[in-house]
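When you get a sec, could you build the whole thing from the sequences and use the hints?
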Amino acid sequence: MTSRNNIIAAIDIGTTKIVAIMGEVDADGRLRIIGMEKTVSRGVKRGVIHSIEDTIGAISEVVDRLTEKTNKEISTVYVGIAGQHIRSIKNRQFKYIQNGIGEITKMDVEEIINENFRIPIEVGEQILHVIPQDYVVDKEAGIRNPIGMAGRRLDGNFNIIIGRTASARNIEKCVKEVGLEIEELVLEPLASSLSVLSEEEKEAGVVLVDIGGGTTDITVYFDGILRHTAVIPFGGDIVTRDIKEGCSVLIKQAEALKIQFGEAVADLVDEEKVVTIPSVGGWDPKEISFKTLAQIIQCRMEEIIDSVKFQIEITGLHDKIGAGIVLTGGGALLTNLDVLTQKQTGIDVRIGYPGASSKIILDETLNQPIYATGIGLMLKGLNKPRKKTQNQNTDKNKTGKKKGFQKFFSALFDTDDLKM
Numbered sequence: 001m002t003s004r005n006n007i008i009a010a011i012d013i014g015t016t017k018i019v020a021i022m023g024e025v026d027a028d029g030r031l032r033i034i035g036m037e038k039t040v041s042r043g044v045k046r047g048v049i050h051s052i053e054d055t056i057g058a059i060s061e062v063v064d065r066l067t068e069k070t071n072k073e074i075s076t077v078y079v080g081i082a083g084q085h086i087r088s089i090k091n092r093q094f095k096y097i098q099n100g101i102g103e104i105t106k107m108d109v110e111e112i113i114n115e116n117f118r119i120p121i122e123v124g125e126q127i128l129h130v131i132p133q134d135y136v137v138d139k140e141a142g143i144r145n146p147i148g149m150a151g152r153r154l155d156g157n158f159n160i161i162i163g164r165t166a167s168a169r170n171i172e173k174c175v176k177e178v179g180l181e182i183e184e185l186v187l188e189p190l191a192s193s194l195s196v197l198s199e200e201e202k203e204a205g206v207v208l209v210d211i212g213g214g215t216t217d218i219t220v221y222f223d224g225i226l227r228h229t230a231v232i233p234f235g236g237d238i239v240t241r242d243i244k245e246g247c248s249v250l251i252k253q254a255e256a257l258k259i260q261f262g263e264a265v266a267d268l269v270d271e272e273k274v275v276t277i278p279s280v281g282g283w284d285p286k287e288i289s290f291k292t293l294a295q296i297i298q299c300r301m302e303e304i305i306d307s308v309k310f311q312i313e314i315t316g317l318h319d320k321i322g323a324g325i326v327l328t329g330g331g332a333l334l335t336n337l338d339v340l341t342q343k344q345t346g347i348d349v350r351i352g353y354p355g356a357s358s359k360i361i362l363d364e365t366l367n368q369p370i371y372a373t374g375i376g377l378m379l380k381g382l383n384k385p386r387k388k389t390q391n392q393n394t395d396k397n398k399t400g401k402k403k404g405f406q407k408f409f410s411a412l413f414d415t416d417d418l419k420m
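Residue 1 is where the sequence shown starts when you use full-length UniProt numbering, and the numbers rise one by one after that.
I should point out that these hints are in silico values taken from the structure, not numbers from a laboratory.
Be a bit skeptical, because a hint or two may be false.
Claimed, not checked - Quick list of in silico lysine-lysine cross-link-like pairs, DSBU-like style, CA-CA up to 35 Å:
1. K320 / K139
2. K139 / K90
3. K244 / K309
What the hints assert, rightly or not - Label pairs and their calculated CB-CB ranges:
4. E203 / I119: 25 to 31 Å
5. D64 / Y96: 42 to 48 Å
6. K176 / G322: 27 to 33 Å
7. V274 / I113: 56 to 62 Å
8. P120 / K69: 45 to 51 Å
9. Q344 / R87: 21 to 27 Å
For glycine and all other residues, C-beta sits at the position ideal for the given N, C-alpha and C.
Written out as structure tokens, the structure is:
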């Protein structure tokens, strides 16, 4: 029988779907996906849980099906956190070096990082992590690792990621109610980046645009460092609603139209093509032009891409995105969306598939942008040392509720991801 320690499981709680995935680590240290189950998300809006009861029911359904299908039990899972409440801000801290040796120590760097946790934020929010960008020693700028350098003053530029405490608590509650513990809570766009981006792309400069049902998550990497994170409160669902209103059809029909016949560039669509919506409930059949459908979709997607472009521009890295824009998530499969994105931003675009990592083995049914976050969560688990996992589980049993929640938050980011 396979050791439970070789099993990794993840739950992706999305606006449109909830996915549970299980994988097994082989002798070569690679992760083979052995099961995946999904269901329609009930109780999540724009990436945030709005109904505890409905979300618990959906999670319970997929976990039960997954364990029954694989005939393997799970006790801990990697879970994503996302939503419009996630935001990032820039901050600068400094300190004078007064340790007697005139050199910057690890303690000096930790002290300047920890100072960021004291900045004022809004009520109900919590700093999830502080990501160093670069340092300045005296007047020497652009330093990635200042430890051991001689200097009298250390300045640091930081990217601070902030989230709503209640959102994390609600996720934890839903997962616990189905008898599972959260091994690690991972920012969803960071999980997606693990499955679709290469280290070379992160070094060269890349923008990951994860188009989900309720939100579009943006992460910007340069020099191998996460430089910016943002959430746009629009995703595939709003396009579906636009089609529903613009074509006067039912929401299910609008979703089917988008998936089967939708395109993002109206000029590339044949004006003669039409689709007939069959009669429902006594209503007459309806003909909808492919061109009209594309015009509705393009209008909304241009708005989302403009927001992406704005987020890139405020980083000041627009001219340094050497690896281009990578589109992933369910919305990335919209026909010609890459063409529209490239035209609007002037940056090269590709579609991101989670099978890009050599550390994971998955079949074609799972190698789809819609599973980028779920596969990324699995890779997060694979990258985490197994011994460390056991120790953390032991600690969880020994610590009190308050301390446990602090550990729960501190695990949002692994320091291994943030090495400069």
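- prompt: For which of the previously enumerated hints does the structure constitute a violation, in increasing order of number?
  reply: 5, 6
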